[in-house]
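In the order they appear, the protein sequences are chains A and B. Under the working numbering, the first residue of the first sequence is numbered 1, with each subsequent residue one higher. Under the working numbering, the first residue of the second sequence is numbered 1001, with each subsequent residue one higher.
I should point out that these hints are in silico values taken from the structure, not numbers from a laboratory. Please note: incorrect hints may appear among the correct ones.
[Claimed, not checked] Covered stretches of chain A, going by a simulated chain B footprint (3 or more residues, C-beta under 8 Å):
(1) 17 to 30
(2) 33 to 44
(3) 47 to 53
(4) 60 to 68
[Stated by the list, open to error] Restricting the straight-line Cα-Cα distance to at most 20 Å, the calculated cross-link-like pairs of lysine to aspartate or glutamate (DMTMM-like) are:
(5) K1269(B) <-> D1034(B)
(6) K73(A) <-> D18(A)
(7) K73(A) <-> E1529(B)
(8) K1455(B) <-> D1405(B)
(9) K1269(B) <-> D18(A)
(10) K1455(B) <-> D1399(B)
(11) K1222(B) <-> E43(A)
(12) K73(A) <-> D1272(B)
(13) K1222(B) <-> D45(A)
(14) K1304(B) <-> D1003(B)
(15) K1433(B) <-> D1516(B)
(16) K1269(B) <-> D1532(B)
(17) K1223(B) <-> D1314(B)
(18) K1005(B) <-> D1314(B)
(19) K1455(B) <-> E1469(B)
Ideal Cβ positions, reconstructed from N, Cα and C, are used throughout, including at glycine.
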Amino acid sequence: MSLHTETPPDERAPRRTDRSRWNWLLLLPLVVTLYPPLYNRREPDLGGIPFFYWYQLAIISVGVLCTYVVYRKTRR
Amino acid sequence: MDDIKGVQLAVFTVLFVGVSVLGFLASRWRRPKDLHSLDEWGLGGRSFGGWVTWFLIGGDLYTAYTFIAVPALIFGAGAVGFFAMPYTIVVYPIVFVVLARLWSVSHRNGFVTPADFVRARSGSPTLALLVAITGIVATMPYIALQLIGIEAVLKAMGVTGHSPIIVAFAILAAYTYNSGLRAPALIAVVKDALIYVVVIAAVIVIPIKLGGFGEIFAAADKKFAASPNPGDGLLLGGASQLQYATLAFGSALALFLYPHSLTGVLASKSRDTIKRNMAALPAYSFVLGLLALLGYMAIASGVKPLVDADGKPDVNTIVPLLFDQQFPPWFAGVAFAAIGIGALVPAAVMSIAAANLWTRNIYSEYLNKDATPKQEARSSKLASLVVKLGALGAILVLDPQFSIDLQLIGGVLILQTLPAVAIGLYTRWFHSKALIAGWCAGMAFGLWSLYEVPKKVFGVDGSITVVKEHFGGSAFPLSKLGFETTTTLYAGMLAILVNLIVCVIGTLLLRGRVADGIDTTDPDDFTAEAGDPEVTQLPELVH
Chain A
1 MSLHTETPPD
11 ERAPRRTDRS
21 RWNWLLLLPL
31 VVTLYPPLYN
41 RREPDLGGIP
51 FFYWYQLAII
61 SVGVLCTYVV
71 YRKTRR
Chain B
1001 MDDIKGVQLA
1011 VFTVLFVGVS
1021 VLGFLASRWR
1031 RPKDLHSLDE
1041 WGLGGRSFGG
1051 WVTWFLIGGD
1061 LYTAYTFIAV
1071 PALIFGAGAV
1081 GFFAMPYTIV
1091 VYPIVFVVLA
1101 RLWSVSHRNG
1111 FVTPADFVRA
1121 RSGSPTLALL
1131 VAITGIVATM
1141 PYIALQLIGI
1151 EAVLKAMGVT
1161 GHSPIIVAFA
1171 ILAAYTYNSG
1181 LRAPALIAVV
1191 KDALIYVVVI
1201 AAVIVIPIKL
1211 GGFGEIFAAA
1221 DKKFAASPNP
1231 GDGLLLGGAS
1241 QLQYATLAFG
1251 SALALFLYPH
1261 SLTGVLASKS
1271 RDTIKRNMAA
1281 LPAYSFVLGL
1291 LALLGYMAIA
1301 SGVKPLVDAD
1311 GKPDVNTIVP
1321 LLFDQQFPPW
1331 FAGVAFAAIG
1341 IGALVPAAVM
1351 SIAAANLWTR
1361 NIYSEYLNKD
1371 ATPKQEARSS
1381 KLASLVVKLG
1391 ALGAILVLDP
1401 QFSIDLQLIG
1411 GVLILQTLPA
1421 VAIGLYTRWF
1431 HSKALIAGWC
1441 AGMAFGLWSL
1451 YEVPKKVFGV
1461 DGSITVVKEH
1471 FGGSAFPLSK
1481 LGFETTTTLY
1491 AGMLAILVNL
1501 IVCVIGTLLL
1511 RGRVADGIDT
1521 TDPDDFTAEA
1531 GDPEVTQLPE
1541 LVH
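Extracted from the complex, chain A is given alone in its bound form (with noise of 0.2 Å):
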């Protein structure tokens, strides 16, 4: 055994990690509302309101749903 077991405190990982597979569902989101070919038209409308304006709206809970799983998964 050598006398000096001790790392030096800089090279010592952090105890705790926030690192996670999980986080790469927050990725999805990103990718759905920042690519707007995806969605720039007007079929189907949703009670008069075209796709542009709906689609956008219902990304929210997308947006809702990948962060609060990704929030449980890495809770500790």
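Fit chain B to the supplied structure of chain A, relying on the hints for placement.
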């Protein structure tokens, strides 16, 4: 001008005075031992739980100006104005991962401002100073815009002249000075209750009166078809899709770099509170999306913007005018109060954030190195007054258009702190001097590109008139860089790209040759949670 509308004004005044009283009483809320430290005055004792944080951050990010300007943009140009939707959808997943780390490192080290973090992380007081100045400069016009929001409401009630705005701001200044962050936190609850009631009523009542959403969109379609502007319409034109996406993404990145967003985040009591809130905050985005559609309802109901004394129409008045046309007078008064009070919350938080930057990163760093917590609190309180006075002056003396231009520039400027603040939360790879060089390059490019954007007006005869040579918007035409295309891009995105490239090249050149600053943070700091045994309150550690 029109006659003053008595009922609306009475309801507005009663609610406005009510929340002002609440603002003064807020100093007793959660009874701090005393308000004489920045942790108490400037961050509400770092004690806000889930609900208060939700109201505070929501009240802070969705400002009165947003509520006025987004529908106005939709009214004028259609789909491009809806960028506020993707913008406020993507901001939360980003903030979820980034700001949780900032909360932890700030909690462990007692940071009050983003520049405090940069100071410790990069070991460079110069970089911290640049971040602080950027924050103050970007925030000032944002406060001024809140005044434009109040002004639009007052105009719709037939109240003109500057004296009501001065009174409103004097009250705001007084209770912010007195109660600090507790005041906007408490008022935000009232503001949101009013906003939700008004918006829900508006999206149910107005479409019924106008014959349904089909009729509303048909009216808007007809307006845009008749308009000679090729950039408007119910859908995005081919050339504006990239602009739409980059503006949304760039604005989202800028939003959480603004010092006032960080103030709300740092005031919450735990890392968990922040993360949980990021799933709950999009409720506001839904309201904002519905509000945006009011722009189309204004078209369908034939609202004409009020014309100013100088003959220019003020498109910011369309939402108040729509409310006035469609609601009974007393409820229009409630709606006006919601917008007016909606201006007070962000204006208060912004002035507190700017004041904290001044105190922590200029006053205590350069002017009074041994400042006590009491002196810091006093410096911040005074600075919050100065900041508000400056914003008021900007509205009274300068053309309001100047504030709108400045706010546009402000978004591009604040984005240039991304490498030092947000990327700094993940890696210490960048050399501190390269970060400074990147900041300079990004600033220079950002200002140049905004300067190069003209504002055009399209005549019915197909003519194009340039009404403003410079700072006419944030849609930078790629043709200015020599590309043969009509595609435009958010100016801030290009500027941050330039910034990052300089940061990388600079780091590669400087590493091992020029001494870098010393990082005083610990890897553990970035994941710390409240209640961890090793987490201690050390407000003086940065000095």
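Taking the hints in turn, this is what the structure says about them:
1. 17 to 30: holds (count 7)
2. 33 to 44: This one holds; 8 residues, not fewer than the three required, reach chain B with a Cβ under 8 Å.
3. 47 to 53: holds (count 6)
4. 60 to 68: With 6 residues in contact (Cβ-Cβ under 8 Å with chain B), the coverage given for the region 60 to 68 of chain A holds.
5. K1269(B) <-> D1034(B): This hinted pair holds, its Cα atoms lying about 18 Å apart.
6. K73(A) <-> D18(A): Satisfied, since the Cα-Cα distance of roughly 11 Å is no more than 20 Å.
7. K73(A) <-> E1529(B): Cα-Cα ~17 Å, so holds.
8. K1455(B) <-> D1405(B): holds (11 Å)
9. K1269(B) <-> D18(A): Holds, because 19 Å separates the two Cα atoms, which is no more than 20 Å.
10. K1455(B) <-> D1399(B): holds (16 Å)
11. K1222(B) <-> E43(A): Answer holds: K1222(B) to E43(A) is near 18 Å, not above 20 Å.
12. K73(A) <-> D1272(B): Holds, at about 13 Å.
13. K1222(B) <-> D45(A): holds (17 Å)
14. K1304(B) <-> D1003(B): holds (17 Å)
15. K1433(B) <-> D1516(B): Holds. K1433(B) to D1516(B) sits at ~7 Å (cutoff 20 Å).
16. K1269(B) <-> D1532(B): Judged against 20 Å, a Cα distance of about 13 Å means the pair holds.
17. K1223(B) <-> D1314(B): Status holds; Cα separation ~18 Å.
18. K1005(B) <-> D1314(B): holds (19 Å)
19. K1455(B) <-> E1469(B): Holds: K1455(B) and E1469(B) sit about 7 Å apart, inside 20 Å.
Checked against the numbered hints given earlier, the structure satisfies every one of them.
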